[in-house]
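Asker: Spelled out from the first residue to the last, the chains are:
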Amino acid sequence: MTTSVRPYSASPEMVRRALEGKKISVVDLLVSTALLLALLSSLAVLLTLLIDVVSEGMPVLSTRLVDFVTSPLSARPESAGLVQGLMGSLVLVGFVIVVAFPLGVAAAIYLEEYAKDTPLNRLLVSNVRNLAGVPSIVYGLLGLAVFVKALSGVTNGRTLISGGLTLAVLVLPIIVITTSEALRAVPRGLREASFGVGATGWETIRHQVLPVSFPAILTGSVLAVARAFGESAPLLLAGAVLSNFFSAPAGTSFISQVAEQSYTALPIIIYNWARQPQEEFVALTAAGIVVLLVALLLVNAAAIIARDRFERKQVS
Amino acid sequence: MTTAVLPDLSGDRKRLRREARVRKGLALAALLTVAVSAAIVLSLAFEAINFLSQLAAKEGGIGSLLADGWFPRRDRFDLRTIVWHTLMVSLLAMAVATPLGLGAAMYLSEYARPRVRRVLKPILEVLAGVPSVVIGFFALRFITPELLVPVLPTTQLSNLLAAGIGVGILIVPLVASVAEDAMRAVPRSLREASYGLGAKKWHTSLRVVFPAAISGIAAALILGVSRAVGETMVVAIAAGATGGSLLTLNPLNGGQTMTGAMASLAIGSDQVAGSNVAFQSLFFVGLLLFVMTFLLNLASDRIVRRYRQRY
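Read top to bottom, the protein sequences are chains A and B. First residue of the first sequence: 1, per the working numbering; consecutive thereafter. First residue of the second sequence: 1, per the working numbering; consecutive thereafter.
Note that these hints are calculated values from the structure, not bench results. Warning: the hint list may mix true and false statements.
[To be verified] Taking lysine-lysine and the DSSO-like style, the derived pairs with C-alpha atoms no more than 27 Å apart in a straight line are:
id, chain 1, residue 1, chain 2, residue 2
1, B, 200, B, 121
2, A, 116, B, 24
3, A, 116, B, 14
4, B, 14, B, 24
[Unchecked claim] Now the in silico label distances, taken between C-beta atoms and shown as ranges:
id, chain 1, residue 1, chain 2, residue 2, range
5, A, 78, B, 28, 50 to 58 Å
6, A, 78, B, 157, 23 to 31 Å
7, A, 102, B, 75, 43 to 51 Å
8, A, 121, B, 56, 36 to 44 Å
9, A, 63, B, 57, 25 to 33 Å
10, B, 147, A, 154, 47 to 55 Å
11, B, 75, A, 309, 56 to 64 Å
12, B, 53, A, 54, 46 to 54 Å
13, A, 311, B, 46, 46 to 54 Å
14, A, 121, B, 15, 21 to 29 Å
15, B, 75, A, 47, 43 to 51 Å
16, A, 260, B, 14, 42 to 50 Å
[Stated by the list, open to error] Pulled a few chain B residues facing chain A out of the computed Cβ check, cut under 7 Å:
id, residue
17, 34
18, 40
19, 195
20, 197
21, 230
22, 250
23, 297
Ideal Cβ placement from N, Cα and C applies to all residues, glycine included.
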């Protein structure tokens, strides 16, 4: 080995190679293979899961995909569909976007840009971190006690309003945390330059900090919304209907469907089908999961495309 | 962010008033998060106390918290049953997630070249994005019939072992990402010193980096336990026992965990009137769950903060 190794600039890898030469240690090989296998087993699980779900769902997906996605729930497996769940999930996600996104971003802006290092503000920050670790089913209890029961005058009990607000509260701390991280990544110099030319705090945030951090805020928030889309435990408690039910009659307005009618969601339907003992429901469940995963994939892909757009706009 | 602004440079009143209004609005949003915490604690505590007082008035009294088995419809609320099942599922989950999560973390942090890392890391991120109902279905329809029954023929259709493995799969990405952060935070000089003493790569990874990151790794594992304790859907689908369950020490049997008990009570809540004792036990179990995960998260947070100060 004649490579010149300058001290302090060589990477540990280079030093190791220079010292060891081309000898391969058996233990080294074993350890690195074992670690790689640990990582690849996650991939194996993922692939097995996808193959299992797609193959079990094939009978439904290949014969009546359109019918399956557009039909209402039914006790007869051969005609059951999940359109009510899809609509319910879309409205729930709408609630999360309308309620949790602005509130979460606003709270994060306050904590990162305005709050001084006082005990109260430190409490606010650690409170948000704790909220992010609360199990989702506990949010369901909150939704049941507060939105379904205590505020039933506003939400009409077990409606999409209750479910939507429950999910919004669940996602709020996650959005606060991801937005905080995005804001922290904005260089200080940008703010100081803005203050230097006389901008106020909000003007600096609105015109300098937010545009720079927006792609990161967007991706983080979309991940949070995707989580809400797949979440079922809190909805079980916050009043989503498990069993088959009749959709509101055709003439019912959208507002009344959201504010007065019972609701369900895509993951709730999957859960309900998964616990049915009849064999016919297995294919339905698997097909429902495929629809759920495809929907999640679309949401994430849309987020990535939107982020790229924003980043390109900034460069130009 | 604080700024010292001379009065004559501070611009016209309108801008300053607007600034104050915006600041107030943002502060309100931040305070709302405290309101959420308060609402959680208050609603849980209120209904849990309600449950206890109603239970005391019944013939079994508070003693039914230690009766035989968890059968809320029959006023038998044995906490030992559901707490023990929860611990069992969490232990099984950690038995899966610890080797897989830490192994993946160490490979990504110590072995993978940047390009390999960019390809392999998203696997964990995709796995983290799979909803837990999906893992529950996988545990019920694949892990039990295809993996467990051929090896352990006495496995029941719904069992705690499959639920534990499913929960383990679910928390691998969490454990891996927190542990990887801890290992990457170990200063390079430690590795260089190790190589300088002639240590091999595996020796450096396992005997130098691993101990140096041990507090972060411990935090990752505690966080994993906390997530496992609170995981609902996998247990509700794969562990079975919708009506209630007796205490079982055999993971091949079905049984209710704390979250599983809550889910099955919630399913029945369409029928059960809102003031029923069984219904209110939901909040008591919820409070217990909240306290357990809160303490675990707090412990994990403390450990992380301590190790951050060291480097």
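Asker: Which numbered hints turn out to be false for this structure?
Answerer: Checked against the structure, the hints that fail are numbers 9, 20, 22, while the rest are satisfied.
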